[in-house]
Amino acid sequence: GENVEQHPSTLSVQEGDSAVIKCTYSDSASNYFPWYKQELGKRPQLIIDIRSNVGEKKDQRIAVTLNKTAKHFSLHITETQPEDSAVYFCAALLFGAGSYQLTFGKGTKLSVIP
Amino acid sequence: KAGVTQTPRYLIKTRGQQVTLSCSPISGHRSVSWYQQTPGQGLQFLFEYFSETQRNKGNFPGRFSGRQFSNSRSEMNVSTLELGDSALYLCASSPSTLRRDYGYTFGSGTRLTVV
Chain E
1 GENVEQHPST LSVQEGDSAV IKCTYSDSAS NYFPWYKQEL GKRPQLIIDI
51 RSNVGEKKDQ RIAVTLNKTA KHFSLHITET QPEDSAVYFC AALLFGAGSY
101 QLTFGKGTKL SVIP
Chain V
1 KAGVTQTPRY LIKTRGQQVT LSCSPISGHR SVSWYQQTPG QGLQFLFEYF
51 SETQRNKGNF PGRFSGRQFS NSRSEMNVST LELGDSALYL CASSPSTLRR
101 DYGYTFGSGT RLTVV
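For the protein sequence lines, the chains are E and V, in the order given. Residue numbering for the first sequence follows the working numbering, starting at 1 and increasing by one per position. Residue numbering for the second sequence follows the working numbering, starting at 1 and increasing by one per position.
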């Protein structure tokens, strides 16, 4: 089945700096890659996603890049703010046997230091 | 429109008991997926239902089961509870068509504690 590796597991940055989280996936059939943000005690919420026919997507301070050849994708947060502190999960949508399964990385705990 | 509703929010059970969790997806969403979230393992896929049929299942023992009703509401059941089943159980709904590449919307989860 699909396997998604996420790095780093923890990340601390100064307010205003950039943060980068990287993920790799194993199954080349995966074609959809969402990112979720989970604040303490809350549900994971979709913040950005990218499809396999696109190399990069940006939404204000957040951007995601995808390299299908290398099977990795990354989340970039610029001008970080304290409210960006949360756990971020990457995921890959695996197609298999007529059904789909969204497989998640183990998460990155981002701390933005004021 | 209403989001994904999970009930109950919290549960405390004793080892050996069984438990049933409920998830009502967003209106119009036909796919419901269940995940187990623990601090060390992240989000682990349990199973996914679409039109009352289980389409996919993760690597969990047979003690974990689920079903989906004609109104797309889903339940999951865990029998013979073990201490290690303590976790946050999340369900996610999706519009789901043949190309299921839509973002999932998660419920707030059910926090299960087994003592």
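Simulated from the structure, these hints should not be mistaken for laboratory data. We put the beta carbon where it would ideally sit given N, CA and C, even for glycine. Accuracy of the hints is not assured; some may be wrong.
Said to hold, decoys possible - Stretches of chain V that chain E covers, calculated by requiring three or more beta carbons in the stretch to come under 8 Å of a beta carbon on chain E:
1. 28–42
2. 67–76
Stated by the list, open to error - Below 30 Å or equal to it, Euclidean Cα-Cα: the simulated DSSO-like pairs (lysine-lysine) are:
3. V:K13 with E:K22
4. E:K68 with V:K13
5. E:K22 with E:K58
Quick rundown of the hints versus the structure:
1. Given as covered by chain E, the stretch 28–42 of chain V passes the check, having 4 residues with a CB less than 8 Å from a CB of that chain where 3 are the minimum.
2. Given as covered by chain E, the stretch 67–76 of chain V fails the check, having 0 residues with a CB less than 8 Å from a CB of that chain where 3 are the minimum.
3. A threshold of 30 Å between alpha carbons decides the hint, and for K13 of chain V with K22 of chain E the separation of about 38 Å lies outside it, so the pair is violated.
4. About 45 Å separates the Cα atoms of K68 of chain E and K13 of chain V, which puts this hinted pair outside 30 Å; it is violated.
5. Between K22 of chain E and K58 of chain E, the direct Cα distance comes to roughly 16 Å. Compliance with the 30 Å bound is thereby established for this hinted pair.
Hints 2, 3, 4 from the list above are not met by this structure, while the remaining hints are.
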